[in-house]
Every structure is written in C-alpha cells, then in structure tokens.
Amino acid sequence: MSHPFYLAYGVLLLGLVGVAEYRGLSLNSVNQVNNVPRTVRDNPGAYRSHYAFLPRYIGGK
Amino acid sequence: MSTAPQVRSLNCTNCGAPLTIRAGGHTLTVVCERCLTLLDARDPALSVLQTFQARQRVQPLIPLGRRGELRGSTWEAIGFQVREIVVESVAYNWSEYLLYNPFKGFRYLTEYDGHWNFVATLRALPEETTARGRQAVRYLGQTYACFQSASARTIFVLGEFPWQFRVGEAVYVSDYIAPPRAVSAERTQNEVAWSLGEYLPGGEVWKAFKLPGACPPARGIYSNQPSPDGPNARSVWTVCLALVGLLAAMMFLFSVGARQEEVFQSSYTFSTAMKGETSFVTPVFELKGRPSNVEVKVDTDLENDWAYLSFTLINEQSGEGFDFGREIGYYHGVDTDGSWSEGGRDDRVLVPSVPPGRYYLRVEPDMNDEDGKAHSVRYQVKVRRDVPYNPFFWIAGLLLLVPPIFVSLRAAGFEKARWQESSFVSDSKSDREDE
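Chains U and C, in that order, are what the protein sequence lines are.
Each residue of the first sequence is one higher than the one before, starting from 1 at the first, in this note's numbering.
Each residue of the second sequence is one higher than the one before, starting from 1 at the first, in this note's numbering.
Honestly, the hints are just simulated from the structure, not real lab data.
A couple of the hints might just be wrong.
[As the list claims (entries may be wrong)] Just a few of them, taken from the derived set where beta-carbon distance is under 10 Å, the chain C residues facing chain U:
#: 1; residue: Y112
#: 2; residue: N232
#: 3; residue: V256
#: 4; residue: N293
#: 5; residue: L313
#: 6; residue: D323
Just so you know, even glycine gets a beta-carbon here, dropped at the ideal spot from N, CA and C.
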C-alpha cells in the first residue's frame, strides 16, 4: 500500500467530516444556555438573550 | 559452471613488475600499477604504448581483482580510470571501474562525489529528438533529456581494458537523463559509443563488493539521481484524487440525505413606535430525528435601515436554549461614484447539533431609536431542520491537498537543484552575467 500515513490521514479527515456532518455540527458560534425560565412562554420579557446587550452597528454610507 | 575468469600473469616490459590479466583475450591494454606504463596486451612482447606521470596516484575505492554480486551476476573489477572535464576553468573528476564477467562481458561502475552508476554499453542506437525544447534521445520508448556535454580526458588509469587508448586522450561526452537512468554518448572523430547507466546507492556497491567501512556519503544531487519524492509526487496525487472523490461522494450523499424539513415559518412586523415589551415567543414546533443542525432564516424588507434580532431557541421540556443574534442592515443609494449598496435584507444562522424535542423561539427585535424617528420592519422567520452544510467538506478538501502539495514542492525543489548542475543552466546563467 502506498502512502499509508497519508491514506490514514485522509481517512481520519473523512471520518471526522462524516461525524461532524452526521451530528449536525457547524462553525457558527451560538451560546448554549441552560435553565431558561419556564415563564418565558407566558412572559417573553422574563429572559434576555446575551446578544440583546451587544452594541449595535449602524451601517450605511 | 564457474564464473572465475582465466588469469594470466606477466611482467611489465618497462619495470619488470608482475602484471595480472583477468579478461584473457579481451584485454588490449594493460597498465603497470608500479610504473604507470600502458602496455599493448595483444603484443606477446607487451610493447610500451605510453608511460604517463600522474599528478597523484589515485587509490580505487574498489580494489582491482575484487568480485561483487551486482544485478544478479558476479563482476570482477579489472580496470580503473579517472576522467576529467573542465567547466569554466574548474576541473571535475569522476572514477570509472571496468567490471568483467566472462559470460556477460563488460560493465562499468562510475562514481562521482559518492554517486554511483551501473553502466552497460548499448546495442541499439538511440534516436535523437527534442524534449521541452531541449536536445534529447529516445531509447526503448524512454526519452532522455540532455543534461550536459563536455570534453572529457582520461587522467589516470590502472588495470586492464578491452580497448587501446592513451592517457590524456579526449572524447566529447554528452549525458542524457531520465532518472534513475542516463544515456551517455562518447564521441570521437571516428565513432560514437552509447551507454546506459542506472543510478546506484553507494551502500549497494559497498555491500556488493563487501568493501570495508562505510561508503563515502553522496554529496549534492547527481544528474540521474532519483528524486526521493519523484515517484511519491505522482502516486500521492493519485491517493489524493481517490480521497477527494470519496469526500465529494460524502458531500453528495449528505446533501441528498439532508431532510431540510421546514418546521416553522411566520411573518412579523416590528416598529420602534410599539410600546411595551417587544420580545415574543413563537408557537412550539417539533424537531425530529437525530441531533442535527437547525437553520433560522430571516428575510426583511429593510430600506436604508438596520434591525437587530436576538433569538433564543428553547427546548420546551428541558429549558435548555441556544442564544444567537443577527444584525441585518441594507443600505443603497446613488452618489457621484454611481449607485451603491451595502449589506443585505436577509441572513441565516445555523444552530449546530440540536437534540430532537419540542422547541420554540424567543425573538427580540430592535431597531435604531436614537434619531427620534419611527423605524419599522416586516420580517419573516423560517426554521428548517437538518440542512446541508458544506464548509467542513471544503476545509477537509484543502487539508487533503496539503501533503501532496508539500511533496510536489519538495520534488520540484529537487529537480530545480538537479538542473542547476546542468551545463545548459550554466550556459544561460553565464549569458545573463555577460549581459
């Protein structure tokens, strides 16, 4: 077998991609939070997203 | 059947030292090791052909008379000569060992700076051609590119030879290469002698002739030295192609197999004029199947404005959630440079690896409220389960290319260094320097 290390490297890469795809992973960054209050359903203001406090960019030329 | 040649013992006509002739009737010239006299072996009286004064005596690395097993045959070293070419006033010497097997005939071992070649004379005539604009020859279907041409002189000899010559005689040598082989032409006024050499690692010669110690290390890159990465560079691309093919097949299968199930879609309006709490939650929707991604896509009708949407995808049962936000802004207009636009009206977020369950979105829109004017936006939120996501495939594709590119660059570097030694490169370099 030629290039066993490269072949192993390639198979490993393909395996990792397969697992990542199967598990639905992505490079996007989201903030996972636990214990969001159940009252949010009735009172959405009871919870504030982490992103709600980020400074806003005002675009335009 | 014995491979031992018949040995004839004689005495030097010049100094009386004992001589040994190992190749019997094939030997035409024999050199006295003590007084360096070339004698005519055809003449029963061993008449003197030439007496030469060597600048220095050269000790052959393979002692004459030593036998070794090379390429499946036993060869005896019977002759040794040192030849010299002068390029730009610099003399380069190499050694040639004449090998003899009574059933196979003669072969040569050449050595330069620790690089060895096993050489046989050609029986068929190579065909002259060109390759990549360079002089070349074609022999047995293989093209050999011309590497160098120079006038070579014999400056030292020992042992016996099946031809007559004089020390100092010059031939015009042209080397054509297709590593690990090389075809050489030695031209005199009367004839052209062609030979085919194959590169040999020094260790193989040492082992074959059972020479003591270690072989001198090879220095630099020799004309027909096989590139350590040459065969690798070709085959590694074949493996790479197979792996990229597999990767493409995986990409296709995952794309085709992705459910892309739309689990929620709704349209909303937001205005800064709205009073009270602006956040709201969507109806519950179900995410089925294995843990996989969830796409939240937002389309707006923004015109020269921005909106920020904070989202939380919340599992109704566990209370676990995924927080994310997207700023969407779209601006356009016309100025002295012409029309322009910036941003876009839509955006999407891919939430990774969301376990199955019943979920809802908490949405909190926000817009510019600092200029005292009312801003509003109509937007649609779409949620899809298990959508194709290709960045991992592109990244893996690039990572798969890294080793073959590395090997190819190394092989190209080796070839570049090889051809730096070619007389054609030297010619063009000196031309440039002259300019």
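Going down the list of hints, with the structure as the test:
1. Y112: 31 Å, violated
2. N232: Constraint on N232/C satisfied, holds at 7 Å.
3. V256: Violated - the Cβ of V256/C stays beyond 10 Å from chain U, reaching only about 12 Å at its closest.
4. N293: 4 Å, holds
5. L313: Hint holds; L313/C Cβ to chain U Cβ min 8 Å, cut 10 Å.
6. D323: With a minimum Cβ separation of about 4 Å from chain U (threshold 10 Å), the hint on D323/C holds.
Violation of the numbered hints given earlier is confined to hints 1 and 3; the remaining hints are satisfied by the structure.
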